[in-house]
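Novice: Protein chains in written order, with this note's numbering: chain A, 1 to 364; chain B, 365 to 596.
In short, the hints are calculated from the structure, not lab data.
Some hints could be false.
Unchecked claim - Mimicking BS3-like on lysine-lysine, the simulated pairs with C-alpha atoms at most 30 Å apart in a straight line are:
id, chain 1, residue 1, chain 2, residue 2
1, B, Lys521, A, Lys343
2, A, Lys343, B, Lys413
3, A, Lys229, A, Lys22
4, A, Lys22, A, Lys303
5, B, Lys551, A, Lys343
6, A, Lys158, A, Lys68
7, A, Lys43, B, Lys498
8, A, Lys43, B, Lys418
9, A, Lys68, B, Lys418
10, A, Lys343, A, Lys68
11, A, Lys229, A, Lys45
12, B, Lys484, A, Lys45
13, A, Lys69, B, Lys576
14, B, Lys418, A, Lys69
15, A, Lys158, A, Lys214
16, B, Lys498, B, Lys520
17, A, Lys43, A, Lys22
18, A, Lys68, B, Lys413
19, B, Lys520, B, Lys551
20, A, Lys227, A, Lys45
21, A, Lys303, A, Lys43
22, B, Lys498, A, Lys343
23, A, Lys158, A, Lys23
24, A, Lys227, A, Lys214
25, B, Lys520, A, Lys343
26, B, Lys498, A, Lys68
27, A, Lys45, B, Lys413
28, B, Lys551, B, Lys484
29, A, Lys297, A, Lys229
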Amino acid sequence: MIVLGIETSCDETAAAVVRLEKKYDNGPLGRVLSNVILSQIDKHKPYGGVVPEIAARAHVEAIDSIVKKAMSEAGIGFDALAGVAATGGPGLIGGVMVGVMTAKALALASQIPFLGVNHLEAHALTVRLTGNSDGTSISFPYLLLLVSGGHCQLLNVKGVGCYQRFGTTIDDALGEAFDKTARMLGLGYPGGPAVERLAREGDPCRFALPRPMKGRDGCDFSFSGLKTKIRQTIESLPDGPISHLDAADICAGFQTAVGEVLADRSANAIRGFLDQHEPSSFVMAGGVAANQFIREKLEILSKEHGMCFAAPPIELCTDNGAMVAWAGLERLQIGDTDNLDFKPRPRWPLDPDAPRRAYAGVKA
Amino acid sequence: MTMVLALDSSTAACSVAVWHDGVIVAHCFEVLDRSHAERLIPMVDDAIKSSGHKFEEIDLVAVTVGPGAFTGLRIGISTARGLALALNIPCVGISSMECLCACIDGARDGDVILTVLDTKRGDLFVQIFDFSSKALCNVAIIPSDGVINFIEGIAKKTRCIVAGDALEPIQEALTTQGLVLVSSGTKFPDATQVANIAAWRLEAGRAQLPPKPVYLRLPDASIPLNVDGLRA
Chain A
1 MIVLGIETSC
11 DETAAAVVRL
21 EKKYDNGPLG
31 RVLSNVILSQ
41 IDKHKPYGGV
51 VPEIAARAHV
61 EAIDSIVKKA
71 MSEAGIGFDA
81 LAGVAATGGP
91 GLIGGVMVGV
101 MTAKALALAS
111 QIPFLGVNHL
121 EAHALTVRLT
131 GNSDGTSISF
141 PYLLLLVSGG
151 HCQLLNVKGV
161 GCYQRFGTTI
171 DDALGEAFDK
181 TARMLGLGYP
191 GGPAVERLAR
201 EGDPCRFALP
211 RPMKGRDGCD
221 FSFSGLKTKI
231 RQTIESLPDG
241 PISHLDAADI
251 CAGFQTAVGE
261 VLADRSANAI
271 RGFLDQHEPS
281 SFVMAGGVAA
291 NQFIREKLEI
301 LSKEHGMCFA
311 APPIELCTDN
321 GAMVAWAGLE
331 RLQIGDTDNL
341 DFKPRPRWPL
351 DPDAPRRAYA
361 GVKA
Chain B
365 MTMVLALDSS
375 TAACSVAVWH
385 DGVIVAHCFE
395 VLDRSHAERL
405 IPMVDDAIKS
415 SGHKFEEIDL
425 VAVTVGPGAF
435 TGLRIGISTA
445 RGLALALNIP
455 CVGISSMECL
465 CACIDGARDG
475 DVILTVLDTK
485 RGDLFVQIFD
495 FSSKALCNVA
505 IIPSDGVINF
515 IEGIAKKTRC
525 IVAGDALEPI
535 QEALTTQGLV
545 LVSSGTKFPD
555 ATQVANIAAW
565 RLEAGRAQLP
575 PKPVYLRLPD
585 ASIPLNVDGL
595 RA
């Protein structure tokens, strides 16, 4: 079974072709036949963040050629596809529309099923495409920490389309906090990789930074207080340009604080998960899962609780078409396809029963 | 044997037409306001089915490229380009103003045709054509009280046939200025005309527009001078 996936919900125009390789009793494994990503970062950089109208314009300009490239790199024609999937939300609606319409048109003209995929579910299931590092597959249920520029959630992944939210951010997403820290330090956009790089050289103890929510019950997150403290710390520095050393110490302090908060909240979630299930996988996904420091921190935590840590390869952590294709493939496997009147959904929670958080943004 | 599939979702209307050797063999037209993303693909499906033809027989996909609603333009264009990609056929763009103009019949020598669409941002897209559908100016964005000056720069004391969804805001101004105003009754572009124009150009070997949105406006975004009030 081969599926084409299209991703246009933020600032990456992406398309990929994925094939179901093996199906074990405990889970599947897939293979990425092609994975084409066109980043719009340079278009948004001058604005310090993604501008929705600029993103939508860039997507409509590029998506058909990106799909064509993905198909040719995979070495297949449209007649070889079992389905076409596109991110149907949540995300920037102008871009989502472009991907969804392209995918529906391809599906109609090729007479194959269309799948409007939840972007969060695509992140959540990617780890089943690549499996564990030892080549074994990952089965349901598993615990998921989904951390990206728009989200920070802990979820019990019970099956395709079946999620229980343990906790979410009550203000900023973690990726956003990384970006804002980088911006305040003049490190540019996107901030995640820059902060991680600089943190390696810094002293995490020099500046006292808070660990919001640490030690409290539950699995919710908060990052706005940390962001404010970073701002105050920068303002307390002597006038003039921020020195390399100061910036490195702030990055190290920030990343360490974040790591401690994630470990603390995840520990509560693991306890909640183990109340319901046998020990299983603890999966980290989303753009922030590309951060090696946080990965290592959570890998240690997983071992302490008898859970097996897993995360997609770094190139599949940030937004891509392969994760969308894979989520589409998983849904196609259970016959859960969408009609061609599918409507893009700017807000689309994975767990519709979880209470809406006051400041969790339209996307959470 | 030529077959053209045409789409329009540039305004509140949404339409699909199939042109086959000089005849419109299928046509769907709906006024939707906001649900173009839901309706357009099922309408394409219906049109092809009711035409009695198959997707594989289509030679050309044509779509309105604007001016119009930005999201609507992207819905139509991404659909058209997706269809063309899957079918491995060319895709061309048609101006929504030309399409509106082509909806008018009965224009006489000396008449002008005024096409006018609401930008939904407080002003109007305007373009003027002569009686033979030849454009007398490029598309302009002008405030509704500036339409009269705009027309007078091009045509005076003549019969003016109006097409588009923004007749009301300009009607009074136009009738008091000695222009004889005739409403064509056409409010929206229609895929029938998109198909006719594209097929005519194809058969006459004329150049076609690329299937790219014609926004006529830069995106709303400003470069921050000093992000978060902090030094960079």
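Novice: Could you run down the list of hints and mark each one as holding or not?
Specialist: Comparing the hints with the structure gives:
1. Of the supplied pair hints, the one linking Lys521 (chain B) and Lys343 (chain A) is violated, its CA atoms being roughly 48 Å apart against a limit of 30 Å.
2. Distance hint between Lys343 (chain A) and Lys413 (chain B) is fulfilled; the C-alpha atoms sit about 22 Å from each other, no more than 30 Å.
3. Our distance criterion of 30 Å between C-alpha atoms is broken by Lys229 (chain A) and Lys22 (chain A), whose separation comes to about 49 Å.
4. Our distance criterion of 30 Å between C-alpha atoms is met by Lys22 (chain A) and Lys303 (chain A), whose separation comes to about 28 Å.
5. For a cut-off of 30 Å, the pair hint linking Lys551 (chain B) to Lys343 (chain A) stands: about 26 Å separates their Cα positions.
6. In summary, the hint linking Lys158 (chain A) to Lys68 (chain A) is not supported, as the alpha carbons are separated by about 35 Å, beyond the 30 Å threshold.
7. Between Lys43 (chain A) and Lys498 (chain B) the alpha-carbon distance is near 37 Å, which puts this suggested pair outside the 30 Å criterion.
8. For the suggested pair Lys43 (chain A) and Lys418 (chain B), the alpha carbons sit about 40 Å apart, so the restraint of at most 30 Å is broken.
9. As the CA atoms of Lys68 (chain A) and Lys418 (chain B) are separated by approximately 23 Å, the hinted pair is consistent with the 30 Å bound.
10. About 24 Å separates the Cα atoms of Lys343 (chain A) and Lys68 (chain A), which keeps this hinted pair within 30 Å; it holds.
11. In summary, the hint linking Lys229 (chain A) to Lys45 (chain A) is supported, as the alpha carbons are separated by about 25 Å, within the 30 Å threshold.
12. Taking the CA atoms of Lys484 (chain B) and Lys45 (chain A), the gap is about 29 Å. The hint holds against a cut of 30 Å.
13. At roughly 19 Å between alpha-carbon atoms, Lys69 (chain A) and Lys576 (chain B) fall within 30 Å of each other, so this suggested pair holds.
14. This hinted pair checks out: Lys418 (chain B) and Lys69 (chain A) have alpha carbons roughly 26 Å apart, not beyond 30 Å.
15. For the given pair, Lys158 (chain A) sits about 27 Å from Lys214 (chain A) by alpha-carbon distance, which is consistent with the 30 Å threshold.
16. With a C-alpha separation of about 17 Å, the suggested pair Lys498 (chain B) and Lys520 (chain B) falls inside the 30 Å cut-off, and the hint holds.
17. Annotation: proposed proximity of Lys43 (chain A) to Lys22 (chain A) is violated, straight-line Cα distance about 40 Å (limit 30 Å).
18. Between Lys68 (chain A) and Lys413 (chain B) the alpha-carbon distance is near 27 Å, which keeps this suggested pair within the 30 Å criterion.
19. Annotation: proposed proximity of Lys520 (chain B) to Lys551 (chain B) holds, straight-line Cα distance about 24 Å (limit 30 Å).
20. Straight-line distance between C-alpha atoms of Lys227 (chain A) and Lys45 (chain A) comes to about 21 Å, which keeps the hinted pair within the 30 Å bound.
21. Restraint check for Lys303 (chain A) and Lys43 (chain A): the C-alpha separation of about 42 Å exceeds 30 Å, so the hint is violated.
22. Using a Cα cut-off of 30 Å, the hinted pair Lys498 (chain B) and Lys343 (chain A) is violated, with the two alpha carbons roughly 39 Å apart.
23. At roughly 18 Å between alpha-carbon atoms, Lys158 (chain A) and Lys23 (chain A) fall within 30 Å of each other, so this suggested pair holds.
24. Using a Cα cut-off of 30 Å, the hinted pair Lys227 (chain A) and Lys214 (chain A) holds, with the two alpha carbons roughly 16 Å apart.
25. Restraint check for Lys520 (chain B) and Lys343 (chain A): not satisfied, since their Cα atoms lie roughly 47 Å apart, outside the 30 Å limit.
26. For a cut-off of 30 Å, the pair hint linking Lys498 (chain B) to Lys68 (chain A) is broken: about 37 Å separates their Cα positions.
27. A hinted pair counts as satisfied when its Cα atoms are at most 30 Å apart, and Lys45 (chain A) with Lys413 (chain B) does not qualify at roughly 46 Å.
28. Simply put, Lys551 (chain B) and Lys484 (chain B) have alpha-carbon atoms about 15 Å apart, close enough for the 30 Å limit, and the pair holds.
29. Proximity of Lys297 (chain A) to Lys229 (chain A) is assessed by CA-CA distance (about 23 Å); at most 30 Å being required, the pair is judged to hold.
When the structure is compared with the earlier hints, violations turn up for hints 1, 3, 6, 7, 8, 17, 21, 22, 25, 26 and 27 and for no others.
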